[in-house]
Amino acid sequence: MIVECLFQKKQTDSNSGARMASQAGDNAQERTNHFCKEEEGQSKSHLQQSAEGQSHTFSFRYKYNKHAVACDTSKTVIGALNTNKTFRKIKKNNMNKEIVIRRSKGAVPRAAVKTDFPCCLIENDELLDIIFIKNGGNVPSEKKTTGRRSFSSESENIVTFNIKTKGGKSVKRLMKNSELRLKVDDVCVYAFKDDKLKAALKRDGRFTNVIFTKHCALSEFGSETIHEMSNTVEHLNGKHFEIIVISDNNQPDSQENFLSDVSTEMNEASADDLKENVDPNKHHANTEQEETQKKERVKSTKTSAKYYEINNSEEIREILCSQLDILLKLLMRREKLKKNSVFQKFFRAEYDKSVQSFSEVYKIKQLMKLSDSVCQIRVEGFAKGTGFLLFGRFVLTNAHVVKDFLESPDKLSSTKYLEAAFDFERLDSKVKLVPVKKQLAAYCFLTDANQCRLDFALLELDDVDEITGRPRLLSRYLGGSPPNRGGICIMGHPDGGIKKADPCLIVENLQEAADKHISENDKFIYVMTQKSFEDKWNVYENQINYNSCFFHGSSGSPVFDEDCYLIGVHTGGYVYPGEKGKTRSVVEYAYSIQPILDMIRAQAKIKGLHEVVNTLEAYSNKSNESGTAEQDNQTD
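Counted from 1, the sequence shown has number 78 at position 78 by UniProt numbering; the numbering is strictly sequential.
For the record, the hints were derived by calculation from the structure and aren't laboratory data.
Keep in mind the model is a prediction, meaning the values are calculated, not measured.
Yeah, the Cβ is synthetic: ideal placement off N, Cα and C, and Gly gets one too.
Be careful, since some hints might not be right.
Claimed, not checked - With a straight-line Cα cutoff of 20 Å, these simulated EDC-like cross-link-like pairs (lysine to aspartate or glutamate) come out:
| no. | residue 1 | residue 2 |
| --- | --- | --- |
| 1 | K605 | E460 |
| 2 | K437 | D404 |
| 3 | K416 | D428 |
| 4 | K193 | E179 |
| 5 | K438 | E611 |
| 6 | K365 | E460 |
| 7 | K97 | E156 |
| 8 | K411 | E380 |
| 9 | K582 | E156 |
| 10 | K416 | E360 |
| 11 | K85 | E156 |
| 12 | K432 | D463 |
| 13 | K411 | E360 |
| 14 | K607 | E407 |
| 15 | K411 | E611 |
| 16 | K403 | E460 |
| 17 | K66 | E126 |
| 18 | K416 | E380 |
| 19 | K363 | E562 |
| 20 | K169 | E228 |
| 21 | K437 | E460 |
Claimed, not checked - Label pairs and their in silico Cβ distance ranges:
| no. | residue 1 | residue 2 | range |
| --- | --- | --- | --- |
| 22 | K97 | D428 | 14 to 20 Å |
| 23 | D462 | S178 | 29 to 35 Å |
| 24 | E228 | K89 | 28 to 34 Å |
| 25 | Y417 | I246 | 54 to 60 Å |
| 26 | D248 | E520 | 47 to 53 Å |
| 27 | R485 | K438 | 37 to 43 Å |
Please build the complete structure, drawing on both the sequences and the hints.
This is how it looks when you write it as structure tokens:
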């Protein structure tokens, strides 16, 4: 048996509601009935996609001077350091050098971590020593770390282990940067528990290619246990190793040596990861035998057309192949597909359905132009959500994005500064940061008399020069009810990263979609049932449901229909903890635009914001004005 109904349709009559059942039997049914009869008005907001890391502090030391850093555990070490003005100045003065960050704590103190080391693994009040060394050819990842996902929710699945920078017998050169070996005795490597050792070291990017082409392994200090490169890293946490050579024979390429299954966060190789894993001085690692093998491979693949191998591209090819291998395994496991041929048919069908509405070039061009209005909402430099230019100098986002930074119901905190970041489309983009005024133009976080859920904040920008020429999405709103079927496209900043677009399909029957999800994830049925009770998974009149890959950080993204018209604001999903604590979602949703505009206009009338009232006059729903006016100051 599966849960018959996880969701409850919000009704005016407090005694009505959809019946919910589960395998828990009579006791679960009693809880369900109690939940269904809960008095109207006591409904709280269901879980929103706004998970940020916890705050803690650490210090860094450079040339005997110590500096404190307030750290969000969802960030990387370099991301946290970059919030410190002194560090940014130090880094600028050493921009042509490679940064080395050494820990003071951990299993092996003084071990050097990479710049993308997760902050959640740094101990509270830990001291990090910063030095700069001659650039050994590695592209410093500290220049491109902004798009990383939050590590804090995955910290239990991450392991760290330490490796000597000087290898064992027969290892002549271990580190790409030879100066790193002279300055540091050990490096600290992090990886997810399911990562293969070889893949973890490759992703780290500091080791020469020799240890991957030869038969090498890790020798554990204290026990002399040998760990092969094909093993997972699950049992290496906190241990200390040196790299040894088992055999000088070159190892054949094998898909078994690639990552078998890691989280999306670790698999999305950003530009800096790719560059870090490519050694410009690769001639040190390549033997004559390797060069001969390369030439033979190129020769064997020649046909009537001429193909040429790109110099120093071997590691990039391996990274791309590993990512493809991961994608295949994850999708085949999720959809329970047994053969590659079945997977290909499924992938082609799903891809065709989700993008067919946005395959025309003119629509793509139009969406790209409209995307210029989309921005990232940042608080004290940290990404908190997404927003978009609605009209004039006003940005629309979700109320829960800024809810924790309010001084009063219509004013932002005087001690926190908010910014709208435009044009964050690449990790090296020149982002335009526009300050947000403290006074909110409109704000609402409640359920109105028509059983529409309102979760919005209208922010006013302080510098209009930076937004000149950008489209205002109110001009792309036609009014009326949103579509209940067909394709949509969401544009935002998922995971606090660069701007992305996700074409997907509207879920026409929410219950059928829920049943399908439950049947495919039946071992989490009790978890889903519990979350539905705890978070009150309600369904509202103005809700648009769909399946999207947009999760944390994308709240407040605009949602467009098949004709590129604005229909809603992406808000959240019915989420629950899945395997190993990973966040899963039954379905995601947006709230339609019309109730939002009606409430904004009602509040603007009371506040005397004539510009806002006049702008929204043509878009107002006259029949709904009395209801919204009575509730404009309510809150959950």
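Exercise for review: Could you check the structure against the hints above and give me the numbers of any it violates, in ascending order?
Suggested key: Going through the list in order, the structure violates hints 3, 4, 6, 7, 10, 11, 13, 23, 24 and respects the others.
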